[in-house]
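Asks: Here's the letter readout for the chains.
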Amino acid sequence: MLRPRLIPVLLYKDGILVRSKSFSFHQSTGDPVEQVVRFTEWKSDELIYLDISRDNLYNSDQGMSTVGSTSSKREHEAYHTENFASVVKAIAKQCNIPLTVGGKIRTLEDVQIRLKNGADKVSINSMAFERPEFITEAAEKFGTQCIVASVDVKLDETTNRHEVYISNGKVATGLNPVTWCRRLEELGAGEILLQSIDRDGGAKGYDLTLIKKVTEAVSIPVIALGGVGNNQHFVEGLEAGASAVAAANIFHFTEQSVIKVKEYLSSVGVHVRL
Amino acid sequence: MKVCIIDYGVGNLASVQNAFALLQVDAVVSDKADDIRTAETLVLPGVGSFEAGMNGLTDSGLIEVIAEEVMVKKKKILGICLGMQLFATTGFENGEFAGLGFIEGSVVKIDDTKENIRLPHIGWNDVTVVNGHCIGKGFKNTPIFYFVHSYHFMPKDIGVVAGYCDYGGEVVAMMQKENIFGAQFHPEKSHIDGLQILRNFLSC
Chain A
554 MLRPRLIPVL LYKDGILVRS KSFSFHQSTG DPVEQVVRFT EWKSDELIYL DISRDNLYNS
614 DQGMSTVGST SSKREHEAYH TENFASVVKA IAKQCNIPLT VGGKIRTLED VQIRLKNGAD
674 KVSINSMAFE RPEFITEAAE KFGTQCIVAS VDVKLDETTN RHEVYISNGK VATGLNPVTW
734 CRRLEELGAG EILLQSIDRD GGAKGYDLTL IKKVTEAVSI PVIALGGVGN NQHFVEGLEA
794 GASAVAAANI FHFTEQSVIK VKEYLSSVGV HVRL
Chain B
6 MKVCIIDYGV GNLASVQNAF ALLQVDAVVS DKADDIRTAE TLVLPGVGSF EAGMNGLTDS
66 GLIEVIAEEV MVKKKKILGI CLGMQLFATT GFENGEFAGL GFIEGSVVKI DDTKENIRLP
126 HIGWNDVTVV NGHCIGKGFK NTPIFYFVHS YHFMPKDIGV VAGYCDYGGE VVAMMQKENI
186 FGAQFHPEKS HIDGLQILRN FLSC
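As given, the protein sequences belong to chains A and B, one line each in that order. Residue numbers for the first sequence follow the working numbering, so the first one is 554 and each next one is one higher. Residue numbers for the second sequence follow the working numbering, so the first one is 6 and each next one is one higher.
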């Protein structure tokens, strides 16, 4: 029996890992490589590692001064990496579970560099909107299984309509997520990473309506992201139809966080890998 | 050199190499016939379509040397995911294509007409180990492995099946025929259980 997947999302910004709220506020959560080792040991089913650096800063010394830092500054060891590829290489060495890498992917070469350095999949967001055939080209070249289409969605509360956004949630596209996700499947995406922007960091649970609509419309697996604040929220996401439930903030700052969530899921009858 | 991971232009070779590194086993990624000849064991990784995989092997010019090492000299080989599928006689992904023919059988699409069967089959699935094959030894509990595929191997002789999982029916997960081993899942991405498969392969 296929096990529902539980996926921590790590946000990499300017040399360090951060947590995020509404796609804007970022706070340091720790070392880019060490965290991967920990999350792998804690039986994460997969890791998603997103590069959200605004500039091309890949040195943690610089990074620490650009985000709201926490006590984790104390022992922070600097990673003097030249580029994101070397970060991918360092984390892939420690990560013997599936690793999806996203952020700033605009060319087939960008995909290749990430895969060559040890990523198993790449997630593609803005570029899919700007040039949809890019998804097809990447799927043809690297296989549909390693192309994760990342879709960021915002709910307009006045009209109660969902809309797809790109460029780190800043630019509205006018697209309806259901139509867009169907299209992405046709183009060759192997999975969809469905993220709710307005739920990000709010801890109020997933946008279940969105998950239901999209999972009913596509036949490829959907990974839900955005809004988890407690263990029950994961259960809701799976019940709404997601094949995998992802979260970022809830996994940080707690020892054994992934194991604890899995123990809870197992206790309420969700058949997770323990 | 203990392991030669065959580079024929498809697949995430770094992951496989990283997994052997975790076992402290010397594994080299190579597209050179000499390395395939001198290595103690071979790994044929691969992701993507059957056709692309066979084209990659053909273009690399390595089919002859692999066939000689595996079929004549009986060198151990582990096919991973598409790598295992390429051992088949025929692949039916977007057409009909000849495979390496190391294990008689065909590669066909998973039946996705049943409810809740989404393709690709992505994620962690329990594998029922078939006794009598050393590739599946050493598990106290039912092992769980990470799968990513839409097509599966249907061997002519079911005696080569070393393990299967349930996804809309029985899906062959592991195979063993003499010196030829296959994993439909990704042992290099299946945490502790996956490393056990790599260990088994080396010690079989």
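Source of the hints: derived by calculation from the structure; they are not laboratory data. Just so you know, even glycine gets a beta-carbon here, dropped at the ideal spot from N, CA and C. One or more hints might be untrue.
If the Cβ cut is set under 7 Å, some of the chain A residues that face chain B in the computed set are [claimed, not checked]:
| id | residue |
| --- | --- |
| 1 | Ala645 |
| 2 | Ile666 |
| 3 | Leu668 |
| 4 | Leu740 |
| 5 | Gly741 |
| 6 | Ala770 |
| 7 | Ser772 |
| 8 | Ser810 |
| 9 | Gly822 |
| 10 | Val823 |
| 11 | Arg826 |
Using 20 Å as the maximum straight-line C-alpha spacing, the simulated PhoX-like pairs for lysine-lysine come out as follows [to be verified]:
| id | chain 1 | residue 1 | chain 2 | residue 2 |
| --- | --- | --- | --- | --- |
| 12 | B | Lys142 | B | Lys81 |
| 13 | B | Lys37 | B | Lys80 |
| 14 | A | Lys596 | B | Lys80 |
| 15 | A | Lys574 | A | Lys813 |
| 16 | B | Lys7 | B | Lys119 |
| 17 | B | Lys37 | A | Lys669 |
Asks: Tell me if the straight-line CA distance from lysine 37/B to lysine 669/A falls inside 20 Å.
Replies: Holds - the C-alpha atoms of lysine 669/A and lysine 37/B are around 18 Å apart, at most 20 Å.
Asks: Is the interface hint satisfied for isoleucine 666/A? The criterion is a beta-carbon contact with chain B at less than 7 Å.
Replies: violated, 11 Å
Asks: With the threshold set at 20 Å, check whether the alpha-carbon distance from lysine 142/B to lysine 81/B stays at or below it.
Replies: holds, 17 Å
Asks: Double-check valine 823/A for me: the hint is only fine if its C-beta lies closer than 7 Å to a C-beta in chain B.
Replies: violated, 13 Å
Asks: Can you verify the interface hint for leucine 668/A: is its Cβ closer than 7 Å to any Cβ in chain B?
Replies: holds, 6 Å
Asks: Within a Cα-Cα threshold of 20 Å, do lysine 7/B and lysine 119/B meet the stated pairing?
Replies: Roughly 43 Å between the alpha carbons, so the hint for lysine 7/B and lysine 119/B is violated.
Asks: For the restraint on serine 772/A, tell me whether the closest CB of chain B is nearer than 7 Å.
Replies: holds, 5 Å
Asks: Does the interface hint hold: is glycine 741/A within less than 7 Å of chain B, judged Cβ to Cβ?
Replies: violated, 11 Å
Asks: Please verify whether lysine 37/B and lysine 80/B have alpha carbons no more than 20 Å apart.
Replies: holds, 16 Å
Asks: Take the shortest C-beta to C-beta distance between serine 810/A and chain B; is it under 7 Å?
Replies: Status violated, d = 17 Å.
Asks: Is the interface hint for leucine 740/A satisfied, with its Cβ closer than 7 Å to some Cβ of chain B?
Replies: With a closest approach of 15 Å, the leucine 740/A hint is violated.
Asks: Can we keep the glycine 822/A interface hint, with Cβ of chain B closer than 7 Å?
Replies: violated, 16 Å
Consistency with the previously given hints fails for numbers 2, 4, 5, 6, 8, 9, 10, 14, 15, 16, ordered from lowest to highest.
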